[in-house]
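Peer 1: Residue numbers (the working numbering), protein chains in the order written: chain G, 57 to 340; chain V, 57 to 340; chain H, 57 to 340; chain L, 57 to 340; chain R, 57 to 340; chain C, 57 to 340.
None of these hints come from the bench; they were simulated from the model.
These figures come from a predicted structure and were not determined experimentally.
Sample of chain C residues with no beta-carbon within 10 angstroms of chain G, all distances over it, derived:
1. G91
2. F139
3. K191
4. L194
5. G196
6. I197
7. D198
8. E235
9. D262
10. G265
11. L273
12. S278
13. D288
14. M308
Covered by chain L, per the in silico footprint, the following chain H stretches (three or more residues, Cβ under 8 angstroms):
15. 149 to 156
16. 160 to 169
17. 181 to 190
18. 206 to 219
Cβ coordinates follow ideal geometry from the N, Cα and C atoms, glycine included.
There are 6 protein chains.
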Amino acid sequence: MMPEELARKAEVLVEALPYIKRFYGKTMVLKYGGGAMEAGGLKEAFAQDVALLWYVGIRPVVVHGGGPQIGVLLERLGITSNFIQGMRVTNPETMEVVEMVLSKLNKDLVCLINRQGAKAVGLSGKDAWLIKAKKMTLKGIDLGLVGEVEEVNVELIEALQQKGFVPVIAPIGVSEEGETYNINADTVAGAVASALKAEKLLLLTDVPGVYGPNKELIPTLSARDAEALIADGIIEGGMIPKVKCCIDALRMGVKKAHILDGRLPHSLLLEVFTDKGIGTEIVP
Amino acid sequence: MMPEELARKAEVLVEALPYIKRFYGKTMVLKYGGGAMEAGGLKEAFAQDVALLWYVGIRPVVVHGGGPQIGVLLERLGITSNFIQGMRVTNPETMEVVEMVLSKLNKDLVCLINRQGAKAVGLSGKDAWLIKAKKMTLKGIDLGLVGEVEEVNVELIEALQQKGFVPVIAPIGVSEEGETYNINADTVAGAVASALKAEKLLLLTDVPGVYGPNKELIPTLSARDAEALIADGIIEGGMIPKVKCCIDALRMGVKKAHILDGRLPHSLLLEVFTDKGIGTEIVP
Amino acid sequence: MMPEELARKAEVLVEALPYIKRFYGKTMVLKYGGGAMEAGGLKEAFAQDVALLWYVGIRPVVVHGGGPQIGVLLERLGITSNFIQGMRVTNPETMEVVEMVLSKLNKDLVCLINRQGAKAVGLSGKDAWLIKAKKMTLKGIDLGLVGEVEEVNVELIEALQQKGFVPVIAPIGVSEEGETYNINADTVAGAVASALKAEKLLLLTDVPGVYGPNKELIPTLSARDAEALIADGIIEGGMIPKVKCCIDALRMGVKKAHILDGRLPHSLLLEVFTDKGIGTEIVP
Amino acid sequence: MMPEELARKAEVLVEALPYIKRFYGKTMVLKYGGGAMEAGGLKEAFAQDVALLWYVGIRPVVVHGGGPQIGVLLERLGITSNFIQGMRVTNPETMEVVEMVLSKLNKDLVCLINRQGAKAVGLSGKDAWLIKAKKMTLKGIDLGLVGEVEEVNVELIEALQQKGFVPVIAPIGVSEEGETYNINADTVAGAVASALKAEKLLLLTDVPGVYGPNKELIPTLSARDAEALIADGIIEGGMIPKVKCCIDALRMGVKKAHILDGRLPHSLLLEVFTDKGIGTEIVP
Amino acid sequence: MMPEELARKAEVLVEALPYIKRFYGKTMVLKYGGGAMEAGGLKEAFAQDVALLWYVGIRPVVVHGGGPQIGVLLERLGITSNFIQGMRVTNPETMEVVEMVLSKLNKDLVCLINRQGAKAVGLSGKDAWLIKAKKMTLKGIDLGLVGEVEEVNVELIEALQQKGFVPVIAPIGVSEEGETYNINADTVAGAVASALKAEKLLLLTDVPGVYGPNKELIPTLSARDAEALIADGIIEGGMIPKVKCCIDALRMGVKKAHILDGRLPHSLLLEVFTDKGIGTEIVP
Amino acid sequence: MMPEELARKAEVLVEALPYIKRFYGKTMVLKYGGGAMEAGGLKEAFAQDVALLWYVGIRPVVVHGGGPQIGVLLERLGITSNFIQGMRVTNPETMEVVEMVLSKLNKDLVCLINRQGAKAVGLSGKDAWLIKAKKMTLKGIDLGLVGEVEEVNVELIEALQQKGFVPVIAPIGVSEEGETYNINADTVAGAVASALKAEKLLLLTDVPGVYGPNKELIPTLSARDAEALIADGIIEGGMIPKVKCCIDALRMGVKKAHILDGRLPHSLLLEVFTDKGIGTEIVP
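Please build the complete structure, drawing on both the sequences and the hints.
Peer 2: Below, the structure is given as structure tokens:
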């Protein structure tokens, strides 16, 4: 190797040093979904990143979404869905398909992470009653089995973390009466991060981050400014619930929240281990 | 209550006493499948029994089978299967359906046990690489993704048991290369019991137990006698692999194996906590 | 076995389930004395019950009384006693006899419990200064070495419980100056239950429970109602101190107190593990 | 204080130094009996010594004998005993008296040690089945309930030692069938020391130690030489079983055994913490 | 040995008993310096005392001073120093010599203690940033690298104590920026004792203790009285900072402080283990 | 940042991944000396590397040499030394200077590492008798206080590692009799690595590695080949003892030994965390 190349390698390793130190033993909750789950090679890069975090002593917890496979299977089974405000009205038959597809994706992701050398364990909110859920209440609208998080029971997550396992969670909740609910994965990630008092909540999305009034990417944003940008209509559409989810988590004790572009390979590593980071960070 | 009724109650409790003592802290692996998974009320009774074992300090591990739901979904999706020697030839498309259905059943069973007050956690062989599998080798026959157990990695099971959780395992394995395999649930139960050096392996079936030459139920059978009954053609058909699975487990250090009628409510309790037991026990 | 018989057995076991669950790891203090210590077979049934509680994960602590053997030995030695308000005036010579007889009974009871498979350890209030006592003060009356509990030092009990032993305690206390005192066993049981914040205090007596104004057995009684019944003269005689002892324990954090008929075999089991219980329970 | 006095004090403390170091955390079994239990002030000095050993990190275990109180009570009750070879023929009535007196002495000794600030716990061989015993077999002679040690179950002793308690043991054993036996206290001390692989077995007796052929006190004696002295008739009478008990303990792994004069105040301290020691030490 | 000699030995051991008990597991910080470091045999006696404290379960921490060796080496190197108010103005060149000599003395002392059988570990304030220091501020005077303690980081001391090591500390501190400072050893001992909430702070000096108005040695002094004696000019000169250091430590939670004559052999032992103690004790 | 730059950074981090995984929790012993201790900036880079190893869960142990400062101080003090076979004949006066300089360097290095955020603790072989040494024996030659390692007592190193501290060791040993010895730092590093069964022994030198017959740098060398190269005179001069030290360590259970160029900044990081490594590795 050329000396300059060695010097550059050493530089990257040295840059990563203070971050490895700062985050040692800390919990980071990663929401993984959308485009990052689909494009070739991105899944492997994500699994590699999760394993790297784990190797250097960080405790990652993954919450994943569902993706297009749900729609594909529903269609093959001839089940049609209505959508209200972007959410699928979920009857019991649909719920069963959603749960089957999520369970399959969950174990696939577990496998990918394990093949990178970490020890992942796939969970749904049903395991040890991890996510107590209830029917989502929307004025005058019945979305069926779409739920919201009532309580996150961290005992199982913490037991697995203590033994060095990486929990990978499918966004399914269950009510006191045993009813299964489909819950938005961002919301589950936020609730899990809050319950664990996580160091970071990282939402991997399909955009580079939050944009400001002049369409410029905003690197850092306070919770208060983020709310102002929503009120001013600058943050809009699908980004609103994501930003709100971050703000809620910060209020519950999460240290920092990030909205990253999951389509950029290794965006997780670059965010956590470089000085500039990427995407938008939201701070309390 | 009448005094005699009280006396009878006390008698049952006193009879259970030495068994509760003998099995305290011991691991029992339960294979749950077939008719016991279908008839109304039997699932709840099974979940209750698992919880009772757990309450009195026994460490149950459940391995479940698939049941008719797999066939139903395959049919709805228009996927046809060939069967060779009673085993479904499993192509990747079929495997995906099998995994989805098993994952769904797994979490349903977890939920039922949790509602009885225990803390169950659903796993497949993919979690923390619990079941390393390889393609099943049958002379001249290719069954596709039907696998056999290569190694059971008990670290995750023991971590969960130490923290008081009940592992519930779907019979799916994964190869070093990440290929998913469908494995016979009795075999998985036997391999898990062997790896854990379990106190008991209990196979819940659709028959009262093993029958002898005169069609009488045999309460106790040595491994050697069981082999003789197979050689003599007295144990036959679907009972052969079950009995062989028990014999193998005994050779690997499991203390006792049982073949019970899962259709009898609370057969598990009656076997474990009464003097006579029920079904057939096979001893080393 | 007949199916109905099996069903009935299963029913009893299933009925016991929620109680085994509820009381797992909890401490129960049992006062054992009077008729239950004398009749043939009752001692063995009591020892069996203590062992069963222990097997299912409950932590029993036994406090026993003295019984007629004290009188027998005093008589043989030609020592006469005066009684004031039903309490024996205890001079040093009498105290020595009381202590010798109690120590002997203590070890006999330990032996009986050990033979049922539990690991009992006999203690008096002198061991590790378990019961600090002082002279009982009664206006104008000197009862000699009759004492009352000043402090229960739970360190030894808890150390033994942690290692899985069953403490069996003789009702003897010792003052700071080393003076030995004879203390009422109900009082000791109540004080020990209070110091351990026990789940239950169970007093085994020679009557079926507390009777109401119409001579009917009262199954449940609040502490307040119990005080009213004493004030109204409905609870009377020897039952008064027993009920007061229960009320005091409830005030100190014991969850529930019971007055049972110790002459009924296995009354302990029936109280703890059946829905209806027996005798009278007093609740805060 | 005069400088010379200070220097002398410092010298004693410095002399004790290597012994405190050498014996830190080690178990010493002390047989306490005979004259040392009777003379005024000796009991207190013994209790002080036990507490000092405990304070400096040694783990004492005390085994005590019975003494003349047994005879006194037997006489008062009009029970006569035959003696064969110096051992009391023990019928059930006598055994009861022996057990009562020993239990009383046991708790008195516990009290004395506790008052010196240690935490003693009185045990008999019945507690947690500490001493399994059987009938002593002597050719053609029936001594009744005189027993010998079959097995010492150290679990309870070690549990108490770990928690910092000092076990004080009365020499009573119990058979598998629950029969109570009276055992020689030297023998019990030797068996307990063997089972604990004790650092030292110290027998406090009524003589200064073992005497040689010229009536000189022997400070150190090998097991082999001790046997020769017995064979030659130089060690004789009541000293024979004591020396044999020491030899047996050395064979079972005890490091050193001592025969001391218990009538000399603080003989225990002087033996353990001074260069010359006192009495006779027997080494493997 | 003569009986009277034995009795006297036993007496000293018995006198030490309550002190060994009282101080078990407690931390004592010893300032060692001045004449006690120089005279022949005194170092060995001090090392023996430290080891004895350690053997009986006390946790000693030693802070030592520099002594005349610093001046000797400075002179050999031709470095001259100015003194202001008895403190050496320390330039970087001088500081280097001070650090070298202290490090050498530190390891010599460690060696002496180890040879008595304890396990000593030599530290300076640089190890694990044990002593954060800053430049000493004196109005209008610049003493160069003479520092004062800003913070004592006890993590390393406690880790070593838990594992049974004896920390031996050289009085060197280091600032946030990495600057090395020379600090008065009495001050370091006081600060370490305060940070550890030590049971005792013992300053070994070259005088018998604190003297009162009539030149009589004062055995006990309250912090308040000590301040009065300073105000009245009775405590004067070099004794003032020592007494102030004791008073400060008492304010920070140290239980008792002592000023002893380090030139008296084994003064440490005599202070800690005898009823009268020696020197002057200062109490809160 | 440019995407390519991000990609390159991600690549370096991903390359480091398997090494971080492989070495997690493993001990690496680093010999630090020569040119790497002198040139500007190299000390800081070395300290940074030690801290990075520590941050990612590796357990570094540093052994350092002396360097030219020893000669400088000897000269200033007018002490002259003879050299035999490249080793300084060390009389007591010289030994004192060596120890003072090494102690000073030790604490300086500790300080540098601490300023990078790790928690280093400086030790010499005297602390807790870490390095038992004896006089080096060379036929017919007396080198004075030059010693060789007799035994490495790892208790202190392991205690510090368990608590997360980085031991930094000066190459000084001490004999049973308390004599101080100066030992070659490579030898100490090898002996420490052997005693700890280290994963790696890394010797930082002033050359790029071991050269072969054609003056080419050899990346990998077996112990056997290394011995052949010495026999053939290809490895020569000062490299011989370094290579022998590596071979010895491999024989004692060290997994791999490395000879690196300490003058290349961050050579440690590049060796440990990149695929090609740098310098020469010697394997068993």
